[in-house]
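Peer 1: One letter stands for each residue in the lines below.
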Amino acid sequence: MSAVPEVAPLRLDLKWRLFKRPIKPVSFALMITMILMGVFAICDYGVLGASDWSNFYGTATALVAGLFMYGWWASSQRIAEWALLGSFWAWSAFTLLVFFVGRDIDSTPFDDLGLAVAFTIIAGGSYVLEATDPRGHNKER
Amino acid sequence: MDPALAAALTPFLSALGAAVLMYATYRWPSGRNKRDDELEEMKTRLEALEDGDDIKP
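One line per chain: the protein sequences are A and B, in this order.
Mapped onto our numbering, the consecutive letters of the first sequence carry residue numbers 412 to 552.
Mapped onto our numbering, the consecutive letters of the second sequence carry residue numbers 175 to 231.
Check before you lean on any hint, since a few could be wrong.
Coverage of chain B stretches by chain A, computed from C-beta distances (three or more under 8 Å per stretch; other residues unrestricted) [said to hold, decoys possible]:
| no. | segment |
| --- | --- |
| 1 | 195–201 |
| 2 | 213–221 |
Some chain A residues flagged as far from chain B (calculated, every beta-carbon gap over 10 Å) [unchecked claim]:
| no. | residue |
| --- | --- |
| 3 | 485 |
| 4 | 499 |
| 5 | 503 |
| 6 | 504 |
| 7 | 508 |
| 8 | 543 |
The hints are simulated quantities; they were obtained by calculation from the structure and are not laboratory data.
The beta carbon of each residue, even a glycine, is placed where N, CA and C say it ideally should be.
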């Protein structure tokens, strides 16, 4: 009998499944923020206003949201990682924009520096966790 | 700062940040890219062994 008690390996995956595919809550939340950011940018709401760059941002964030959906549907770890990196890019760009430009009367609740910094950390941290796989979860897949 | 200038600068600055993050994960000991490299190295060694040439890692 071993002196050290056996401990079940720590699994952080939730057991939520939709169409036999796991739902990752952080990726799901980031996908929603990408859709919202795309809608706000294309409809010329918020910090970017009506500019070519707002259309560029809107298109890019919509593409990232599409990457999240495709990665989930195809069960592709690689695409999920690219989507997380894309959301890090979008949120860090948005953080810098809010920092440089600031808020005005037309700002949306999204145009908040604290919120943008928090989502940048969430997106970047999730990308690092998924790409480096410190607990070896993805080796089994 | 002028909003147009900020909007033109920020995509490139954040792309730089994303590239740094990617490089950091590439250098990470358990990084996916690192594991891919190890897998490629093992495949190369296996092929070399099958051909009768043993190469040292």
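Peer 1: Compare the structure with each hint and give your call.
Peer 2: Going through the hints against the structure:
Only residues whose C-beta sits within less than 8 Å of a C-beta in chain A count toward coverage, and the segment 195–201 of chain B has 4 of them, enough to reach three; the restraint holds. Only residues whose beta carbon comes within less than 8 Å of a beta carbon in chain A count, and the segment 213–221 of chain B has 0; fewer than three means the coverage is violated. With 10 Å as the threshold on Cβ separation, the claim that residue 485 of chain A sits away from chain B holds: the shortest Cβ distance comes to roughly 17 Å. Distance to chain B contradicts residue 499 of chain A as a non-interface residue, since its nearest Cβ pair spans about 6 Å, not more than 10 Å.
Residue placement check: residue 503 of chain A does not keep its beta carbon more than 10 Å from all beta carbons of chain B (closest about 4 Å). Not every C-beta of chain B lies more than 10 Å from that of residue 504 of chain A, the closest at about 4 Å, which undercuts listing it as non-interface. Look at residue 508 of chain A: its CB is around 5 Å from the nearest CB on chain B, not clear of 10 Å, so calling it non-interface is violated. The non-interface label for residue 543 of chain A is inconsistent with chain B: the shortest C-beta to C-beta separation is roughly 4 Å, within 10 Å.
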